[in-house]
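Number of protein chains: 2
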Amino acid sequence: MKTHRLDALLNPQSIAVIGASNNGARIGGMPLAHLTKFGYQGAIYPINPKYESVFGLPCWPTIEDLPQAPDLVVLAIGATDVLPMLRRCVAKGVKAAIVYAAGFAEEGPQGAALQQELEEYVDGTDLVVAGPNAMGFANLNTQAHSNFASVFNAVPMQEGKGTVSLLTQSGNVCAAVYAIARKLGVDFSHFINTGNEACVDFSQYLEYMAQDDATQVVMGYIEELRDGPRFIAAAQEFSLRDKLLMLYKAGETDKGSEAVRSHTSALAGDKAVYQTAFQQLNIIQCNDFVQMAHLANLAKYRHLHAGKRIAIITISGALGAILADKFIGQGLDVPTLPESLQATLRAGIPDYGMVTNPVDVTGNVVNDPGFVRTAMEALAQSDAIDTIIIYAPGYMLDRMANDLCQVSGQLKKLFVAIDTGAAQSREQLRAGGVPVFEDIGIAVNALSPFLLWQERRKANRWLQLRQQALPQRVALPSQLDELSTKQLFNQLGIGMGVERCATSAELASQIAEDIGYPVVLKVLSPDIAHKTEAGGVRLNLQNAQQVRQAFEEIQRCAKAYAPQALINGVLVSRMEKGLVELIIGATRDPVFGMTLIVGLGGVLTEIYKDVSHRLLPVDADMAHDMLKELKAYPLLQGYRGKAHADIKAACQAIEAFSQAVLALQDQVHEGEINPLLIKEQGQGVCMLDALVIRSSDER
Amino acid sequence: MKTHRLDALLNPQSIAVIGASNNGARIGGMPLAHLTKFGYQGAIYPINPKYESVFGLPCWPTIEDLPQAPDLVVLAIGATDVLPMLRRCVAKGVKAAIVYAAGFAEEGPQGAALQQELEEYVDGTDLVVAGPNAMGFANLNTQAHSNFASVFNAVPMQEGKGTVSLLTQSGNVCAAVYAIARKLGVDFSHFINTGNEACVDFSQYLEYMAQDDATQVVMGYIEELRDGPRFIAAAQEFSLRDKLLMLYKAGETDKGSEAVRSHTSALAGDKAVYQTAFQQLNIIQCNDFVQMAHLANLAKYRHLHAGKRIAIITISGALGAILADKFIGQGLDVPTLPESLQATLRAGIPDYGMVTNPVDVTGNVVNDPGFVRTAMEALAQSDAIDTIIIYAPGYMLDRMANDLCQVSGQLKKLFVAIDTGAAQSREQLRAGGVPVFEDIGIAVNALSPFLLWQERRKANRWLQLRQQALPQRVALPSQLDELSTKQLFNQLGIGMGVERCATSAELASQIAEDIGYPVVLKVLSPDIAHKTEAGGVRLNLQNAQQVRQAFEEIQRCAKAYAPQALINGVLVSRMEKGLVELIIGATRDPVFGMTLIVGLGGVLTEIYKDVSHRLLPVDADMAHDMLKELKAYPLLQGYRGKAHADIKAACQAIEAFSQAVLALQDQVHEGEINPLLIKEQGQGVCMLDALVIRSSDER
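Protein chains in written order, with my numbering: chain A, 260 to 958; chain B, 260 to 958.
The reader is advised that the hints may include incorrect statements.
A pair holds if it fits inside one copy or across any two, identical chains being indistinguishable in the list.
Said to hold, decoys possible - Listed below are the simulated DSS-like cross-link pairs for lysine-lysine, each with C-alpha atoms no more than 25 Å apart in a straight line:
1. 890 - 530
2. 790 - 901
3. 938 - 296
4. 887 - 559
5. 887 - 868
6. 836 - 567
What the hints contain is simulated information worked out from the structure, not anything from laboratory work.
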């Protein structure tokens, strides 16, 4: 790894503590206690004019007295003293500082002003400043402690080096997850909590972790992201370097989001957008700290072939069914085994066992170790299965342990054991490449996302798409009414109906005669967004007289509704017939930028929240995935004897919309086709209405 | 407890083992090994002509040789030998027998015939027969073992008596759950797996457990129930006796149900109906064995006041928010604390802490034990809070432990501690009445259903309703067309529109003139269920001419569609206007009997499965709960500026429908009002169509 800006912060060669204390329970004492206790090899400089020595180290009166400029300075001093001290650090040539003090942006307008001042000052320097309102860091491979986390006293310190980094937006969460994961045997590289992120935000730490050779896995906790594009780039780097990134996002329920909001100044952000971003970036979204620790342990086995098609081997039909049920519920597949594989298994399994999947080998099989080995090999060699999960009582597992390790090692496929009993061979298995779970629920919660992660990294379509060049910029017309918006999208590849603008009743009826009845009339104005509300829509007009009358009424209503509006005329459109109406929209998410939403039109979609989200770009294949995510998807597939909808055309339209939005770049704040009519198979799609809100018009 | 029929099976005073073996690893040896090893005090009779003695006990050649008739005989012999041996047991005067052998109903038609024969024989005797295909039982309070479960060798035996019983439909699940729960310190009374349930089914064991003084908690596992009414009665008994019943039901996903089905001969049954039955009976439905073990431990604290309104106390805003999020996600409430309580808390909590709920006491508070005590007392005395959950790092919990135990004990309100660190005071707290969890996920999964169980048992409306007398029987008319069905329901209290039967086009137009346009015409025939398909419906008729024409068309279409159908005429109805259409249906569930389903009309309800289920009877309050369960409920509440629907009338109609179905008793197989039109507030409801399928007509 090349030298990184955050090196001085996360891998310091020398550390000074301003506000040093001899009391290991105080925030000025704890980092020194840790540094000395855990054997940090770099230079340590306690600074406090009150003491001669602290924790057996010479104590320096001021920063200016130090014999060298330390890489990292810990500021264990009050909020109002911070900025003056940072100036002195800069003068001394310090590279990085951590600010413990609370009393900044999290505490009202006065604190926010203080933080603003700090940010502005640091911006003009080369100093890297972490926090404020942070618990500090630890590099567990060098034992560089710059934290006041008492958890390092409460939990036994790891003996070797670790490859798992903790990166959280809360100090207490950082400490709690550390304690939980240490109990489960996780060894760490970095312990990081970001505090208020005044100068260094979550994404920058993440970027460092992506590049840091000591880090293979990151367990993260976030409340809000400040820099979406940088976060995306860092997550892509994780993918490229084959590292595993998992995140716990606070605020699963609406009330939970509120609770998060009330304790930070942060907006929790759109849960659904975060979720889709994580999925597109192949970040494992966690909902439990124990699950995270197990995932960190599982990451050690990520070189073995694994994926979502699992075989379940048990000695009990009931337990096999229970496991199948749970794994299927988490998105894995339990496919019926191929005939040839079934035949191999049947050779050693009694008639009352099962060979389809789950496989019930019955209790007898354990007496036939030769068969167990043959069965393992057959499963490992099968192309139809990615992962083999064995649930056996302890003593049976013990008898299989050697074979399991050997077969897995030779054929490089992931075997996983679940033992709720008391197998003696657990450590042998783990060391031999076979993870062992002692609890069904945890096995399901950790294995499922791990296997889906393995599955997705085989081919991450979106990360590939993002490598491609953006479409050429298209200028937004100066005036945008319904017709010009549709024409814009139409030029970029989305179907529209036969429709023209009429500026007189006579012309409207001529157009109608021309395009054929029934027709629809709609007021055409860049200033009237809610046409129905304005009385500006007339449906199902059957003849010239009705059209003329409708034209006059629309003009009258529109003028009454919005006297100042520019009215370009009335749009005369042929009534289109189709099967299903979709909403396709793009909105600018404050964190992740332009995001796409697709759903069925109508009030029930809103009530059932049956929509699919994606970050852009989206191609037709991804569009199809979006449609398939909709619970209402069957309506497109010929539901209850109705015709099939033109799904292909719908997907192409969604891709075209994605490209259009990208081509419009920063000119557009929001875009929507609502509804897009999907016709019968082979008959394409048709925009019934379309809207673009300029960035400058943002409501 | 009075003597129960299953006493000889579950609490035997003497046990014989037919097919006794000296080998403790064989099924004929294992029960004897357990009985001798664990110190059963009753008489033990090994039976096998091959041996003189077995496990140090005299071995008897035949059952006839025994000096007394044993309470319980274990049959460790092959399937085809079972029935002859049972005859000999009966002749000897044996009270109960357990059949280990597989090869009965679970194994094809031949096995099914063998089981049938067994059932028929036993039916004519007083013998109680458990299994076949069972792993056998254990009474852990008397150490009466009649099982071949090796788990009793693998897991340390409990030292004292237990009050938790295991009751499962799978031997391997029974053993697995036993092992898991023992590790978590659960002490058991009974270990029961029901096997094929040829003669004694799950509900009968459950009934025993309800009456058994030694059992306070049942951890159950079911694949299918055979006797719904008996199950309901037993579950009611649990409620009456203040015992906790929790069940794991196999088959959460559709594919999981399939896997269950393929390993038993059982139908998994309607998941939704099981779920509603459990809820109405206040049975905790579990989805994890570890969760079950923790619930068994929690049951010890059920005498303390507890419920769904929780206060969360932490030293971290982030952890408080995470916990709130998780508990809210599981259906609990985290209400904002009353002002006075906030004021009490504020007195000891620094400004940067939080007093609303979650309460962030901050790390400082631990230095002020007097305040901690005051705060605990204030929370325990508040009527606004049912349960207090404290999440603190180990050392803080240790300092609070004494106060927690004292306050909880004095004020009889449940306090719960969560410590993911390493508190020393865990056992002190548990013994002092304060449960401690070491994992957040498990705390949420076990506590949430426990608190909801406490909440529901305060007032179980349905169990009360079931005490009331059933409505008087109403005879079903001999002929049921739409009109007579509606009239039947109308007499029982459900609103209908103005509509009459016309037998000629002229009469139809007269009726229409009379009731006012627009009208609807529908064919009226007890033999045509699908009127639209038959071309038998005409909507929105505006004048006499249209009505006459529609009458003739309907007659023609109906005769062409079903030439043999009895056509009573054509129903002329005024077109009704309303806000929302509901489906209200009752169907006979094979296990639980008549069940009610309520949902919105239309194809999207089907797609989104947005329906609510209940076992009958249902009153208007419960009907309101059902409506509120619908995701589409907002449509009834004046969605987006529309009018409010007459929810009260809808609820009354649902109650009336429930009563009607009960009054019709066994005459009806299925009944439906589809749709029931809900009008604006104050304007009532109106059946637009109604259907009853007689039991004899069952399709």
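To see whether the hints hold, each was checked on the structure:
1. Taking the closest pair of Cα atoms, residue 890 and residue 530 come within 25 Å of each other both inside a single copy (19 Å) and across two copies (19 Å).
2. Proximity of residue 790 to residue 901 under the C-alpha cut-off of 25 Å is restricted to the inter-copy arrangement: shortest distance 19 Å between copies versus 31 Å within a copy.
3. Taking the shortest alpha-carbon separations for residue 938 and residue 296, neither the intra-copy value of 72 Å nor the inter-copy value of 76 Å comes in at or below 25 Å.
4. In this homomeric assembly, residue 887 and residue 559 never come within 25 Å of each other (Cα to Cα): the closest approach is 34 Å inside a single copy and 48 Å across copies.
5. For the homomeric pair residue 887 and residue 868, the shortest alpha-carbon distances inside one copy (15 Å) and between copies (17 Å) are both at most 25 Å.
6. In the homo-oligomer, the alpha carbons of residue 836 and residue 567 never lie at most 25 Å apart, since the shortest distance is 41 Å inside one protomer and 52 Å across protomers.
Hint check: violations occur at hints 3, 4 and 6; the rest are consistent with the structure.
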